[in-house]
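Line by line, the protein sequences are chains B and L.
Per my numbering, the very first residue in the first sequence carries number -2; after that it's consecutive.
Per my numbering, the very first residue in the second sequence carries number 46; after that it's consecutive.
Do not rely on the hints blindly, as some may be mistaken.
[Said to hold, decoys possible] According to the in silico footprint, chain L covers these stretches of chain B (three or more CB under 8 angstroms from chain L):
1. 69 to 75
2. 116 to 123
3. 306 to 312
Derived from the structure by calculation, the hints contain no laboratory data.
In this text, a Cβ means the ideal position worked out from N, Cα and C, and glycines have one as well.
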Amino acid sequence: MSQEKLLIDVGSTYFKVSTKNSIEQHFRDFNKSILDDLTHKCGQKLEGFDKQDIHICSSANGGLSTLIIGVTNSFSLKYATNIAFNSGINIIDTILFQNIEEYTIPSDLIDVVIITGGINSNKDNFSDELFHYLEKLSYSNVVFVGSELDVPTIKENIENVVVLPNIIDDRLHIVEDSLKNYLTNLYQQDIEGKEDIKDLYNITDNQIFSTPYVVNKTLPFIDSKYSVVNPFVLLDIGGATTDIHYSKDLVDENIVTENEYDRLVFKKLGVYKSKQSLIFAAKNNEFVYELLMHLKVTENIFEEQSDKATKILMQLAIFLVLCKISHYKKAYVNLKLLSVNSFVLTGGITKVLTAEEIENIISFFYKKILNSEHNPATVLDSNYDIWTLGAEGKETCQ
Amino acid sequence: MKVVTGVVGNDIHVVANRLIDLSLQARGFEVFNLGVNTYLEEFFDAVIETGADVLLISSLNGEAEGWGREVPLLKAKYKKLDDVIMMIGGNLVVGTGNAEDIVPRYEGYGFDIVCHQVDLNTGLDSLEAMIKERHLEVRNN
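Only chain B is shown next, with the shape it has when bound in the complex (with noise of 0.2 angstroms):
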């Protein structure tokens, strides 16, 4: 048996086996499991490993979704929200407690609520209000870390709740490390959980991370394969979700300090398992009509199935995940993108579209939404060196 290391990306569409010297890609076959489509479609390199050197880690349907209750917007509210994003969280709505019954009830299944306000020697920061909103709402986990004197009438009154410690310090400074490694630990064992993910473990003996973790990991280093200018953002437009990975000096709002690369999984934004809510996203865009324009399409490629309705539908992806991250749309996160000197795309993206389809859509966007010629250089992670390099540099971790 090899010494070698056989790297496994599991995504929504495709995945991707890598060992030291060869890459290959390949369509799932939703008919089957993932492990069955893997066997059939690789066994043979799978045979040549032992289950040691078999390395995966999956963004499959990956991001939990979260609804927040806090008690002020600039401390309990900004910090889990904070936390929430740079744990790989997608936030579907934060609440202001004091305002809760004006709020309207989420239909879908909450992944995790988290009720966070107060200062340890605070109490009755909640009230009826609370429970009464929390008996309408259907969720799976629901975490409280606020004052720890409200701890006994939380636990009174919400069953199942997990109570972490307070978020917010008696100087009234964030505290992140308990939050963010139950959500951490949360997004991990939802993937692990999925059925599907659960069969790989019969093919490896380690553990299987999610690819945005694994990506992250890879930033620093990001230098060792490509001239790389800093500050840069990083977009991972997939099937199903689109990850975006992005150094801190491009934020002033960021409270979270231990890494210095944040990531954001925005779960219902992609090409394939996502086309209709990007489909939906960009008939609601205002500049989309005359992004079309200028790609020379119209509005009926979106009911067409063929490699340009593809590509237009990728170059949509990157008008409005920018969007998304510009003081265009009032999100979580405004990036200073007039700062940005690269911008780095990886994901089935790269073997769809060229770099200069890709700086089109750029410049179209700099141009139109930022009113500016700024025009920072594209790279392409065509090789998917850059989830190779994090998944070595994971396993050496170990």
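Add chain L to chain B, keeping to what the hints say.
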């Protein structure tokens, strides 16, 4: 007793801010100092998070004049600030002005104690006097 304090707006007078912090501590208050360059919403939010009894805003470059006007509108959005003692002090106008004009203006914005160019200790004496007065009122009721 808890006090939230800080310097409002784009004002970096950190020494005065530190002196207020130390003076409050010397008088036995538990101080939450938001420092300089603080926005109005952060002051109110800090009061909510800490359960503070007093909000003491300072202003040295006169920026309070602009921010003060925003107080009634913003405060009305909060449901738990009615019992908080609101105090403001420092140099409360851009240029010159006299206390007879300035104090009523700030009282109109909702401040209980207004100290325009008043010595720090004198200002804090009036704060303590108001606290005593309110306690007496509570006891008598």
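A quick look at each hint next to the structure:
Under the rule that three or more residues need a Cβ within less than 8 angstroms of chain L, the assignment of the segment 69 to 75 of chain B holds, with 5 such residues. Beta-carbon proximity to chain L at under 8 angstroms applies to 4 residues in the segment 116 to 123 of chain B; the threshold of 3 is reached and the given coverage holds. Coverage of a stretch by a chain is defined here by at least three residues with a beta carbon nearer than 8 angstroms to that chain's beta carbons; for the segment 306 to 312 of chain B and chain L the count is 0, and the condition is violated.
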